[in-house]
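Listed in order, the protein sequences are those of chains A and B.
The first sequence maps to residues 1 to 358 in the working numbering.
The second sequence maps to residues 1001 to 1249 in the working numbering.
No wet-lab data here; the hints were simulated from the structure.
There may be inaccurate statements among the hints.
With a straight-line Cα cutoff of 27 Å, these simulated DSSO-like cross-link-like pairs (lysine-lysine) come out [said to hold, decoys possible]:
no., chain 1, residue 1, chain 2, residue 2
1, A, 264, B, 1156
2, B, 1156, A, 265
3, A, 351, A, 273
4, A, 30, A, 138
5, A, 138, A, 3
6, A, 30, A, 105
Short, incomplete list of chain A residues facing chain B, as computed with Cβ under 10 Å [to be verified]:
no., residue
7, 124
8, 173
9, 303
A few chain B residues that don't get close to chain A, going by computed Cβ distances all over 10 Å [as the list claims (entries may be wrong)]:
no., residue
10, 1019
11, 1046
12, 1060
13, 1071
14, 1078
15, 1081
16, 1082
17, 1152
18, 1153
19, 1155
20, 1160
21, 1212
22, 1233
23, 1248
All C-beta atoms in this analysis are idealised placements derived from N, C-alpha and C, irrespective of residue type, glycine included.
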Amino acid sequence: MNKKYTRIGIVVIVALFATIFTQFDSFLYKDPIIKVENIRTLTKDKNTDEYKNTDTQVTQRVTGRFLNTAKRGQKISLKNTYYQSQLTDQKYRAGQQVMLTKTGKHYSINDVKRDTVLVFTIGLVMVLLFCMQFSRGKLLTSVLLNLVVYYGFMKILINTHNSILLLMTVITALLISGIALIVILGPTSDALMAYSSTVISTTASILLSVLLLKLSNNSGVHMELTDFGLQPYFSVFISQVIFSVLGVILDETMDISSSLIEMKKEIADVSEKTLFKSGINIGRELIGPLINILLFIVIAEHLNVVLLYLSNGNSINYTFEMTLSLGFAQLLISGIGIVLTVPITSLIASKVITRRAV
Amino acid sequence: MLYLLGAFVILLLLVAGSRGLSLLFGLGINIISIVALLILIADGFNVLITTAIVSIIILIVAIFMNVENPSTANIAFKTSLLIMIVIVLVTIPIEYWASAQGMGVEDQEELEGFSLAAGVSFPQLAVAVIVVNSLGVISETSVAITSGLNEIVENKPTLTPTEVFNDGFSVGNRILSTQTNTLLFNFFATTFPLFFLIHSLNDNLGEIINDKLVVAEVITMLICAIGVILTVPITSYLVYRNVKNKKTD
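All chains should be modelled from the sequences, with the hints used to inform the complete structure.
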């Protein structure tokens, strides 16, 4: 017990230290950083735009002191204008650290320095994990390994100028799902079984969906509206679908196959058909919650842009077509994947388990 | 799109049979609730209050329509409600601190031609984004842990609080891993175009870790993870209390 508290203590101290460190890390930055000391509101303009949105435009004078560069310690005063709704602009507060851009001899406000809150939140998650009896080692290993793979994926994408995106996505997806399964289940035949089910189900649903999309000539799906208009649209879209649905399908295959393995342990002479049927029964209950997970993640992603469209006087139909149609197509493909996983996993698991010597 | 929708419905009915119909019904209600949320916020209703009300409706639908055992559904609903409150309480100060609301320089192209004086509080919307993001994960986690734990507890003649908590963590381990994967892989899905674009704008580590959109995505993932982590002790406590009450009756 004592050991546990020492460990929690150490994690808390490390997290706090890391958070505090980011308050004083401006020497690591090339960009000039100031600490805001004083804010004065200069003007407030309340105006209503053509769509009857009332918003207030505020101009503030931001006074602060340089924390780095040759000007360290000197005072600077800058102007900042923002709308109270703060869609793209920013209200600054005293005490904040702010990054500046220097063009020639002129400084302008760039953005808030957010590394402190980032480190703090990571620290908070770690402290919570250590307060409880989870098997942290496994969890953190799999997250770290997956982040390393993702980093490599990003590096290759950038170096190849996004030209082999789909190929890289498939390789990355194969790697990260393999890592996740091996870490959770260990390098066992059960993991291999779940892995093959995951790969086959994902492939089948993606191929089927691509075929259907081609047949309908992408009607109603605005590929050009992928996030940030990154090209090639179709590959970006499919890659996003693969990454997004992969975690859920992994969850599903593991659930179904481990339940069937349990069943075989309890009833040694269970027939292949019974196993398959119970697999379908177990999977049936999983479909709803799993689609829900993705539904809310996908919609949350688009809340900002939907509201921007709606507040700019666009009709609900037009707004949804421009902002959510791609998301819904993504959800439908994910849904097809989640549904197809049930029979595919049940079939593979029931065949493998009945043929295996107990 | 219609082909996809058709394929989805047909496959769903083939695999899930009549259960598929109630699934479609539940999904329909969830989508309508979210659309209502968007319209209400655009009409000027308070973002946080509207989000709270709609979230509760969604949780009720997600849990009571998917779970047949009433005691499991009850505990799962109480848990997810508590987690929701915790998430809001954690998110508000963190979002205020991070100032990671709205859209970023990376969205510039999309924003062209729009009036940016939207009259909607985007700092509050940033909190709503995280709450909505977590709804599915939280309801699924609480249902999975409650039903797993209930099964273990009901088959045991005696139990102490420590035992229930230990069982809770052994059930929770697997679920925490799988939910972490889901959150992480979805983070990959949304951020790879973002990182690619940031790279072409400015390749500087300092800019990336302070970038509004990157920080917003990371915080969303981490706060959802906090929700999943906390689900385990809260569910264990509620299951324990429930069983103790039953035994003393």
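Hints and how they fare:
1. A:264 - B:1156: It holds: about 22 Å lies between the C-alpha atoms, which stays within 27 Å.
2. B:1156 - A:265: holds, 20 Å
3. A:351 - A:273: With Cα atoms ~9 Å apart, residue 351 (chain A) and residue 273 (chain A) stay inside 27 Å; holds.
4. A:30 - A:138: violated, 37 Å
5. A:138 - A:3: The given pair, whose Cα atoms are some 20 Å apart, holds under the 27 Å limit.
6. A:30 - A:105: holds, 16 Å
7. 124: holds, 7 Å
8. 173: holds, 8 Å
9. 303: holds, 5 Å
10. 1019: violated, 5 Å
11. 1046: holds, 14 Å
12. 1060: holds, 13 Å
13. 1071: The claim stands: residue 1071 (chain B) keeps its Cβ more than 10 Å from every Cβ of chain A (closest is about 17 Å).
14. 1078: holds, 17 Å
15. 1081: holds, 16 Å
16. 1082: holds, 15 Å
17. 1152: holds, 13 Å
18. 1153: holds, 17 Å
19. 1155: holds, 13 Å
20. 1160: Since the minimum Cβ distance to chain A is about 15 Å, residue 1160 (chain B) lies beyond 10 Å and the statement holds.
21. 1212: violated, 7 Å
22. 1233: violated, 7 Å
23. 1248: Residue 1248 (chain B) is indeed farther than 10 Å from all Cβ atoms of chain A, at 27 Å.
In this structure, the hints that do not hold are numbers 4, 10, 21 and 22, in rising order.
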